[in-house]
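Undergrad: Could you put together the complete structure from these sequences and hints?
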Amino acid sequence: MSDTIKDTKTIRPGGVDTLDPEKIKKELLSRYPAKVARKRSNQIMVNKKDDTGKTPVMGANVRTVPGIITQRGCSYAGCKGVILGPTRDIVNITHGPIGCGFYSWLTRRNQTRTASDADDNYMPYCFSTDMQDKDIVFGGEKKLKAAVQEAYDIFKPKAISIFSTCPVGLIGDDVHAVASEMKEKLGINVFGFSCEGYKGVSQSAGHHIANNGIFKNVVGKDDSIKEADYKINLLGEYNIGGDGFEIDRILDDCGISVVSTYSGNSTYDQFANSHTADLNTVMCHRSINYVADMMEIKYGIPWIKINFIGGKSTAKSLRKIAGYFGEEEFIQRVEAVIEAEMPEVERVRLEVKKRCEGKVAMIFVGGSRAHHYQELFKEIGMRTISAGYEFAHRDDYEGRRVIPDIKIDADSRNIEELKIEKDDDKYRSRKTEAELAALKAKGFEFKDYKGMSVDMENDALLIDDISQYETEQLLKLYKPDLYCAGIKEKYAIQKSGIPMKQLHSYDSGGPYAGFKGAVNFYREIDRLVNSKVWDYLEAPWQTNPELSAKYGWE
Amino acid sequence: MLLRHTNKEIKPRKALTVNPAKTCQPIGAMYASLGIHNCLPHSHGSQGCCAYHRSALTRHYREPVMAATSSFTEGSSVFGGQANLVQAINTIFTTYEPDIIAVHTTCLSETIGDDVNQIAIKAVKDGKVPDGKHVIHASTPSYVGSHVTGFSNMTKAMAMYFSKSTGTPNGKFNIIPGYVEPSDMAEIKRLVKEMDINPILFPDTSNVLNGPMTGKYKMYPDGGVTAEELTATGDSIGTIALGAMASADAARALDTKWKVPCQVQDLPIGLAATDRFIDALRKAAGVSVPDSITRERGQLLDIITDMHQYFYGKKVALAGDPDHLIPLVEFLLSIDMMPVHIVTGTPGQDFEKRIREMTAHLPYTVNVKAAGDLFQLHQWIKNEPVDLLMANTYGKYMAKDDDIPFVRIGFPILDRVGHSYFPTVCYKGGMRLLEKILDVLLDRLDRDAPEESFELVL
Numbered sequence: 322m323s324d325t326i327k328d329t330k331t332i333r334p335g336g337v338d339t340l341d342p343e344k345i346k347k348e349l350l351s352r353y354p355a356k357v358a359r360k361r362s363n364q365i366m367v368n369k370k371d372d373t374g375k376t377p378v379m380g381a382n383v384r385t386v387p388g389i390i391t392q393r394g395c396s397y398a399g400c401k402g403v404i405l406g407p408t409r410d411i412v413n414i415t416h417g418p419i420g421c422g423f424y425s426w427l428t429r430r431n432q433t434r435t436a437s438d439a440d441d442n443y444m445p446y447c448f449s450t451d452m453q454d455k456d457i458v459f460g461g462e463k464k465l466k467a468a469v470q471e472a473y474d475i476f477k478p479k480a481i482s483i484f485s486t487c488p489v490g491l492i493g494d495d496v497h498a499v500a501s502e503m504k505e506k507l508g509i510n511v512f513g514f515s516c517e518g519y520k521g522v523s524q525s526a527g528h529h530i531a532n533n534g535i536f537k538n539v540v541g542k543d544d545s546i547k548e549a550d551y552k553i554n555l556l557g558e559y560n561i562g563g564d565g566f567e568i569d570r571i572l573d574d575c576g577i578s579v580v581s582t583y584s585g586n587s588t589y590d591q592f593a594n595s596h597t598a599d600l601n602t603v604m605c606h607r608s609i610n611y612v613a614d615m616m617e618i619k620y621g622i623p624w625i626k627i628n629f630i631g632g633k634s635t636a637k638s639l640r641k642i643a644g645y646f647g648e649e650e651f652i653q654r655v656e657a658v659i660e661a662e663m664p665e666v667e668r669v670r671l672e673v674k675k676r677c678e679g680k681v682a683m684i685f686v687g688g689s690r691a692h693h694y695q696e697l698f699k700e701i702g703m704r705t706i707s708a709g710y711e712f713a714h715r716d717d718y719e720g721r722r723v724i725p726d727i728k729i730d731a732d733s734r735n736i737e738e739l740k741i742e743k744d745d746d747k748y749r750s751r752k753t754e755a756e757l758a759a760l761k762a763k764g765f766e767f768k769d770y771k772g773m774s775v776d777m778e779n780d781a782l783l784i785d786d787i788s789q790y791e792t793e794q795l796l797k798l799y800k801p802d803l804y805c806a807g808i809k810e811k812y813a814i815q816k817s818g819i820p821m822k823q824l825h826s827y828d829s830g831g832p833y834a835g836f837k838g839a840v841n842f843y844r845e846i847d848r849l850v851n852s853k854v855w856d857y858l859e860a861p862w863q864t865n866p867e868l869s870a871k872y873g874w875e
Numbered sequence: 009m010l011l012r013h014t015n016k017e018i019k020p021r022k023a024l025t026v027n028p029a030k031t032c033q034p035i036g037a038m039y040a041s042l043g044i045h046n047c048l049p050h051s052h053g054s055q056g057c058c059a060y061h062r063s064a065l066t067r068h069y070r071e072p073v074m075a076a077t078s079s080f081t082e083g084s085s086v087f088g089g090q091a092n093l094v095q096a097i098n099t100i101f102t103t104y105e106p107d108i109i110a111v112h113t114t115c116l117s118e119t120i121g122d123d124v125n126q127i128a129i130k131a132v133k134d135g136k137v138p139d140g141k142h143v144i145h146a147s148t149p150s151y152v153g154s155h156v157t158g159f160s161n162m163t164k165a166m167a168m169y170f171s172k173s174t175g176t177p178n179g180k181f182n183i184i185p186g187y188v189e190p191s192d193m194a195e196i197k198r199l200v201k202e203m204d205i206n207p208i209l210f211p212d213t214s215n216v217l218n219g220p221m222t223g224k225y226k227m228y229p230d231g232g233v234t235a236e237e238l239t240a241t242g243d244s245i246g247t248i249a250l251g252a253m254a255s256a257d258a259a260r261a262l263d264t265k266w267k268v269p270c271q272v273q274d275l276p277i278g279l280a281a282t283d284r285f286i287d288a289l290r291k292a293a294g295v296s297v298p299d300s301i302t303r304e305r306g307q308l309l310d311i312i313t314d315m316h317q318y319f320y321g322k323k324v325a326l327a328g329d330p331d332h333l334i335p336l337v338e339f340l341l342s343i344d345m346m347p348v349h350i351v352t353g354t355p356g357q358d359f360e361k362r363i364r365e366m367t368a369h370l371p372y373t374v375n376v377k378a379a380g381d382l383f384q385l386h387q388w389i390k391n392e393p394v395d396l397l398m399a400n401t402y403g404k405y406m407a408k409d410d411d412i413p414f415v416r417i418g419f420p421i422l423d424r425v426g427h428s429y430f431p432t433v434c435y436k437g438g439m440r441l442l443e444k445i446l447d448v449l450l451d452r453l454d455r456d457a458p459e460e461s462f463e464l465v466l
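First to last, the protein sequences are chains P and S. So the working numbering is basically just the index in the first sequence, starting at one, shifted up by 321. So the working numbering is basically just the index in the second sequence, starting at one, shifted up by 8.
Just to be clear, a hint being listed does not mean it is correct.
Claimed, not checked - Computed, partial: chain S to chain P, Cβ under 8 Å: (1) C32; (2) S150; (3) D395.
To be clear, the hints were calculated from the coordinates, so they are not data collected in a lab. Don't be surprised by glycine CBs; every beta carbon is placed ideally from N, CA and C.
TA: Here is the structure:
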């Protein structure tokens, strides 16, 4: 589209390292109106790490300029689609016109597995009040109430939740009042979410609203203690493409018991009981770190950051969990699992590495995957030279140490922060002060995440909320061997002749988490970056347009 | 079972839609806008609308679908979206350089009452619209009609904004192809040209959403109706609108404004509807039908006679858009299949009436519902099983649970390719539809045949 850069060869004569990232940044901003360029310049950073691991301040979690073609979605998408989408036994009713419910229906590849057909599974269903103009004019509460009643009469679910779309907030429908009235009437849990699409600046606001709602309305309702060892919650794992199943398989082999997953392959009862776990492990820091914090304050569950993307990361995360519980026999069992799994991972990794070494990737997705997947690329010798998040906050780039410095702006202030206090009845210290101190002394890090930037090379380009225009410029300037983003970006990149991997939906692939996932991913990347397809872009008459020819038998 | 909570017992529902058979207006408007050359669609609403529509269209077409958004925040929802839209127009023309921005509204901007016309005028006054560039717009509240309505509104908007009459007829013929695939638009254009008629087809997503792989990305692909062509629609000799719901409004508006005579035909799906389309074209343009087209017709009929025994008496359930279902049901009836359950999510009385008239001669009463949903269709199927299901990709959950041969039609198709490259309209499209139906029916016959009657020749 843009032709500001006429000849990419003159800019990248000897590989990506000869490019000056500051110049590239200028180039990315050159086409924008001045005001837009100023705003975007706070979200495009050339990475510089100092000795303490400090990295540039990223202007993350700020509004997208109208007219920019952004990757971002809305609060409703984050709430209903991302967080509650993977829970199978709650009837999720979208209160609004039909579109929002329709688009969030089965499109995120969340997998779920029930023990039998007798178990509830509403994930293949889409429930909506399908608001019409008269509902907008006269209010939709009556229709919502009737919809909840009908859902109950037909399906008899154990819980019903209600998701607000844009017009609901504007016309003043009180979904929470309807929810509590129907909860009273039906005798099942009914709760609402004010996740109107205009709230916040991205999906992230919706994650927060969803998690707050689950924390307020469901967590702590079932105090029964599961009889099992090494009970953990897995937070921020959404079982896309079966990632959660692979993680569960490994944890099960290790003898680790998962009380609840937020929220891949999850159920209402798991959430209700999740406060009984002894450790919270956080996979996607962005979407759920605050839940871990709240559970620690209210119920005394410590939390650690883990990452099951990549063979080595998986092993490291398992060792971290084992180290927390600290029993020698358990540690040995975890080591045995790692020892049994790693040879196959290593075999494929080394085979694939031969063909991928030295290639470069770019990743622009989500709130954690842009970071986590760099690990997998590293394992097969590929560098990630530019990356950014779609909806992350500063701490996801710069680490949790910047949290106290993050300014709360008007858009964040509208998202409810729950005031959490210690629950005197249900609070239970999982470790004594002495035990915690001993763990910390051994280098064990609780509630810490150092962010993506520090793990990236100096001079790498960090770009938050990347636009379509910037994407096209990056492709022209850097000609990466692989570009990772989402479905909306996919085909513009592919049409440019550059292999593209979706890291939201995995392009129908996966699982990519855990040991088997790493193997799947290595092979997938091998397929993509070494595909023969790209050799056929030009027809023979385009490569050699001369008209001279000779007959075959001459 | 995937849809394990769906049973035979049908309870009345007034408020709850379960498994919709429609989606909302803006996506139809976005799709129509993509059929204008050098045009960037713009969604005046929250970011999520634009993200959802782009994702759904991208998954269906597997092609780049670019569109911008006004990125409403809570503040703009309270104070109005004017500032957002004016800024968006400036950003888009500066950064993405389209010739045209096609703005559609959403439930959000409609509920707060943004006047897009006035905002567009302000953008021009403020100098945000460069000379020779255009901002067109359609009002597409999500709480009225369906995606088909949105397509219709944007199609009418493009005709109304651009069309002019110079008083001198240009000898061209306006064809409004309806909410169909790019492959269908190309096929309609091919047949019209084959009849020596010079068409202005709008919108036209062929060569936009079924483009080639070249290694070079074009934000504005080669296809799409041009602003010049849209301008010329006021000088055309006539308009044929295909599909009453998606296309009639634009055709009638041109008739009212510039006295371009119009007629509304069914989408040319199947033998009889294509016959009517070709015949109407012939008469309106005063041309004779070339033998090549009569030959295509004969080929379609030939397949029907060859394979009639496999179609005869087979019961069919269908879900889709009204404009598609009406000629499709007619087509199935013409080959002696038996449509028994028919659902569209799009509201409107005419649909049920047309289907009832068409099926009045049958020895049974069909189940038909406008503003229905797939849950209802599935319950009907549970009560009276069928031999074939035709629906968009969401139908596959029913097909798997109840082991029904399944043919994908309509929007969205998220799990198969081909639909954007090969037509289902006109005679060739009819042949393709029959091939698809036969494939699933005969695969089933083969699968279920006992070994002694497993046949080499069918």
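Undergrad: If any of the earlier hints don't hold here, list their numbers in rising order.
TA: Hint 3 alone not satisfied by this model.
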